[in-house]
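Peer 1: For reference, the chains in residue letters:
There are 2 protein chains.
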Amino acid sequence: MMSPTTSETGRRDLTSFPHVVIIGGGFAGVACARGLTNKDVRVTIVDKHNFHTFLPLLYQVATAGLEPADVAYPIRTIFGHADNIGFRHGRVRAVEQASNRVVLEDDSVITYDHLVVATGATAAFFDIPGASRYAMPLYSLADARRLRNRLLLALESADVGADSGSRALNFVVVGGGPTGVETSGAIADLIRTVIRRDGLRLDEELTRVLLVDLAPRLLTAFPESASAYAKKELESLGVEIQFARSVVEVEEHAIRFADGERLETAAVIWAAGVTSGKLAHAVQTTLGPGGRVRVTPDLRLVGSANVWAIGDAAAVPDEEKFCPQLAPVAIQSGRHCADQIVHAMNDEPTQAFHYRNKGIMATIGRHAAVAKLPRGGVIKGTAGWVAWLALHLWYLVGFRNKLRVMINWTWRYFDWPSGPRLIVADAETAE
Amino acid sequence: MMSPTTSETGRRDLTSFPHVVIIGGGFAGVACARGLTNKDVRVTIVDKHNFHTFLPLLYQVATAGLEPADVAYPIRTIFGHADNIGFRHGRVRAVEQASNRVVLEDDSVITYDHLVVATGATAAFFDIPGASRYAMPLYSLADARRLRNRLLLALESADVGADSGSRALNFVVVGGGPTGVETSGAIADLIRTVIRRDGLRLDEELTRVLLVDLAPRLLTAFPESASAYAKKELESLGVEIQFARSVVEVEEHAIRFADGERLETAAVIWAAGVTSGKLAHAVQTTLGPGGRVRVTPDLRLVGSANVWAIGDAAAVPDEEKFCPQLAPVAIQSGRHCADQIVHAMNDEPTQAFHYRNKGIMATIGRHAAVAKLPRGGVIKGTAGWVAWLALHLWYLVGFRNKLRVMINWTWRYFDWPSGPRLIVADAETAE
Numbered sequence: 001m002m003s004p005t006t007s008e009t010g011r012r013d014l015t016s017f018p019h020v021v022i023i024g025g026g027f028a029g030v031a032c033a034r035g036l037t038n039k040d041v042r043v044t045i046v047d048k049h050n051f052h053t054f055l056p057l058l059y060q061v062a063t064a065g066l067e068p069a070d071v072a073y074p075i076r077t078i079f080g081h082a083d084n085i086g087f088r089h090g091r092v093r094a095v096e097q098a099s100n101r102v103v104l105e106d107d108s109v110i111t112y113d114h115l116v117v118a119t120g121a122t123a124a125f126f127d128i129p130g131a132s133r134y135a136m137p138l139y140s141l142a143d144a145r146r147l148r149n150r151l152l153l154a155l156e157s158a159d160v161g162a163d164s165g166s167r168a169l170n171f172v173v174v175g176g177g178p179t180g181v182e183t184s185g186a187i188a189d190l191i192r193t194v195i196r197r198d199g200l201r202l203d204e205e206l207t208r209v210l211l212v213d214l215a216p217r218l219l220t221a222f223p224e225s226a227s228a229y230a231k232k233e234l235e236s237l238g239v240e241i242q243f244a245r246s247v248v249e250v251e252e253h254a255i256r257f258a259d260g261e262r263l264e265t266a267a268v269i270w271a272a273g274v275t276s277g278k279l280a281h282a283v284q285t286t287l288g289p290g291g292r293v294r295v296t297p298d299l300r301l302v303g304s305a306n307v308w309a310i311g312d313a314a315a316v317p318d319e320e321k322f323c324p325q326l327a328p329v330a331i332q333s334g335r336h337c338a339d340q341i342v343h344a345m346n347d348e349p350t351q352a353f354h355y356r357n358k359g360i361m362a363t364i365g366r367h368a369a370v371a372k373l374p375r376g377g378v379i380k381g382t383a384g385w386v387a388w389l390a391l392h393l394w395y396l397v398g399f400r401n402k403l404r405v406m407i408n409w410t411w412r413y414f415d416w417p418s419g420p421r422l423i424v425a426d427a428e429t430a431e
Numbered sequence: 001m002m003s004p005t006t007s008e009t010g011r012r013d014l015t016s017f018p019h020v021v022i023i024g025g026g027f028a029g030v031a032c033a034r035g036l037t038n039k040d041v042r043v044t045i046v047d048k049h050n051f052h053t054f055l056p057l058l059y060q061v062a063t064a065g066l067e068p069a070d071v072a073y074p075i076r077t078i079f080g081h082a083d084n085i086g087f088r089h090g091r092v093r094a095v096e097q098a099s100n101r102v103v104l105e106d107d108s109v110i111t112y113d114h115l116v117v118a119t120g121a122t123a124a125f126f127d128i129p130g131a132s133r134y135a136m137p138l139y140s141l142a143d144a145r146r147l148r149n150r151l152l153l154a155l156e157s158a159d160v161g162a163d164s165g166s167r168a169l170n171f172v173v174v175g176g177g178p179t180g181v182e183t184s185g186a187i188a189d190l191i192r193t194v195i196r197r198d199g200l201r202l203d204e205e206l207t208r209v210l211l212v213d214l215a216p217r218l219l220t221a222f223p224e225s226a227s228a229y230a231k232k233e234l235e236s237l238g239v240e241i242q243f244a245r246s247v248v249e250v251e252e253h254a255i256r257f258a259d260g261e262r263l264e265t266a267a268v269i270w271a272a273g274v275t276s277g278k279l280a281h282a283v284q285t286t287l288g289p290g291g292r293v294r295v296t297p298d299l300r301l302v303g304s305a306n307v308w309a310i311g312d313a314a315a316v317p318d319e320e321k322f323c324p325q326l327a328p329v330a331i332q333s334g335r336h337c338a339d340q341i342v343h344a345m346n347d348e349p350t351q352a353f354h355y356r357n358k359g360i361m362a363t364i365g366r367h368a369a370v371a372k373l374p375r376g377g378v379i380k381g382t383a384g385w386v387a388w389l390a391l392h393l394w395y396l397v398g399f400r401n402k403l404r405v406m407i408n409w410t411w412r413y414f415d416w417p418s419g420p421r422l423i424v425a426d427a428e429t430a431e
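These protein sequence lines map, in sequence, to chains A and B. Following this note's numbering, the numbering of the first sequence begins with 1 at its first residue and continues without gaps. Following this note's numbering, the numbering of the second sequence begins with 1 at its first residue and continues without gaps.
Hints listed in this document are in silico derivations from the structure and should not be mistaken for laboratory results. Virtual Cβ for every residue (Gly too), placed ideally from N, Cα, C.
What follows is a set of in silico ranges between Cβ atoms, one per label pair, in the way DEER data are often shown:
no., chain 1, residue 1, chain 2, residue 2, range
1, A, A383, B, R201, 44 to 50 Å
2, A, I195, B, V386, 40 to 46 Å
3, A, E252, B, A94, 26 to 32 Å
4, A, E96, B, E251, 33 to 39 Å
5, A, E96, B, E264, 29 to 35 Å
Chain A extracted, bound-state conformation:
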């Protein structure tokens, strides 16, 4: 390979290097770009946001435990030191594989030598009427802010001191996986805090947090003992849990179940599952399981030599079946993809990806968590929570974010009056 040349500015002259375009600045895309830092390639990350979002903590932003800036980090800042990693703010409209071009919504064109599809996942609404319109998913910072405003405004308006009088306030969380468990616990926590700390006078009889799922238990990816523990802990926080319940329609202020029950709602939070976004359809005609892009074991798009897919967007083969859509899979597949691109450019053979299982975990309220270890063991309670906390702090991008989140968590652990319960409207007009 050529050794890097140096221009007058002291920067390497990158123009002769192959161009790798990564669509998506999530865990997978950032891990891939990190793997390509200081390699003999020119990298451009394209994302519709100028920041990387730490999705596992979005539910804390939605429930006013953390601020948006605590879980997001500008992509340019992550790679500010790396002269071969660039960023392009924009939305991708089309991928033209025949001519190796990506077209953005502003009609600008980026040509690539290698393309990495790291577009992540989005909420799956399973064609349930009204769900995509009225239920609130939690897959972006904007989702989290929207849900937070909805929760806080609903609580404000239900204050029995208001002349409107008391009325029912039902928050329904659909889906009993980690997101549903974490969100419902955090909403229950938020309600207790606003009552005790902010002096909001809610009718506690009329204020309900409901977690519903089709399955007969919570956290089906965990052993049964973890499910039972999560159920007991959530119930002690005041969350009502209903299994084997099927949602047939979501209305603006209500939810309808298959058994005919219709419940007035202040918010329906959608944590029922994910699918891949529009862009996956743009790069592959026949997608794999869960609407994910089918890839070969070395993470190349089936049938392509220079298009790769990683993270939640890809159906990554794992021994008998496929990897789950988890942050560790995204990070590991991103790193692996970077190495394979270097191999491919050097005409070396590529290697198959193997997922190293790091276990899974979920928090329940403020001081408890469950973790399933790689060999199948389970950690519960405060020990699980400490492990959860340490791991999430470790993976947060940026020392300042780690510090701020640690301060926030310390606050909440000791139950000091909590901070950022601000309602900042999305479409606020002039003051």
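We have chain A; now place chain B onto it with these hints.
Peer 2: Leaving out everything else, chain B in the frame of chain A:
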């Protein structure tokens, strides 16, 4: 007076107490409510936001130095411990003084024994065409977020790496008072940071920050030595300063001056002056100077026995003329008003308000500030900055906010890669 009775819940029975309604949860309204805490009155603060905003630091939110939650604090949380201070989230539509009623936009009605108008100020556009529509003021958290998004998006789109090629990027700040000086310095700082830290490739020749004013010098409320110092410091940060320039029109992407020049702009920031809001007109037919409510020396609305006006909304008499619209005036008048309401309820004589001048200050960039002391002395440079910093930390509500802002400032002082340069769109659609 009756001594407070205690109900079964351990709370005082407040229903027999007179009701004080405070419109506005800014410096003045919060200071007034603090003065009434644990007095024999029932207080309701009405505000369209559920949080108190620390306005002196809004320009830092607008320039991505601080986060919204750093400068805002939920009003309920401020008074969570005080059982006689309530909060009502809503906008006031009308004040009916004949019947002692406040009507909110949701048609609900609040009756009062005493009413305190603490509605603050809003940007004055002086009927300059396009100004209210296209120029960006800085008087609310929403204003600050909107300006931040505009600045960051403009910088992103001007990256010379983008295929659009380089183009002029003019940020024009109108008004050379403290807000204009602080904002223009912070924008210049932001631009240097994104270039140096984030690797954004801007054409520095084409990127300008312009501060324009009608007056012949900056900071006219300060001595001339302070004005000269501020000018020198701003220019060293790269801000161009133009005096005796009169704006005749603001367009969507341009500004026009009286001398005929038309300049393309990425943003026009409006720091040219303030006036009182709509509500002042609702309580007084003929307003005082600057559109402010005329009050008697004890802060009562001229002609009223139980309506009071404080802070920026009021033309508070001060010896020969009127108090300036500053945070210390707001805080002091709020406290004074609380005492006078207690006097009035006890049929005691009320006292005239006297402003205790604490001086004024403004920061310039990250490490410099000017302060004018009450006796006319001036502090400049790093000493001024340390004083500015200490004072602002002291007045921030909430220990957590103080801690977070201190961390942010420490970061910036040592020039570590800065954090929250996130573009979170106001009207973001689903992901």
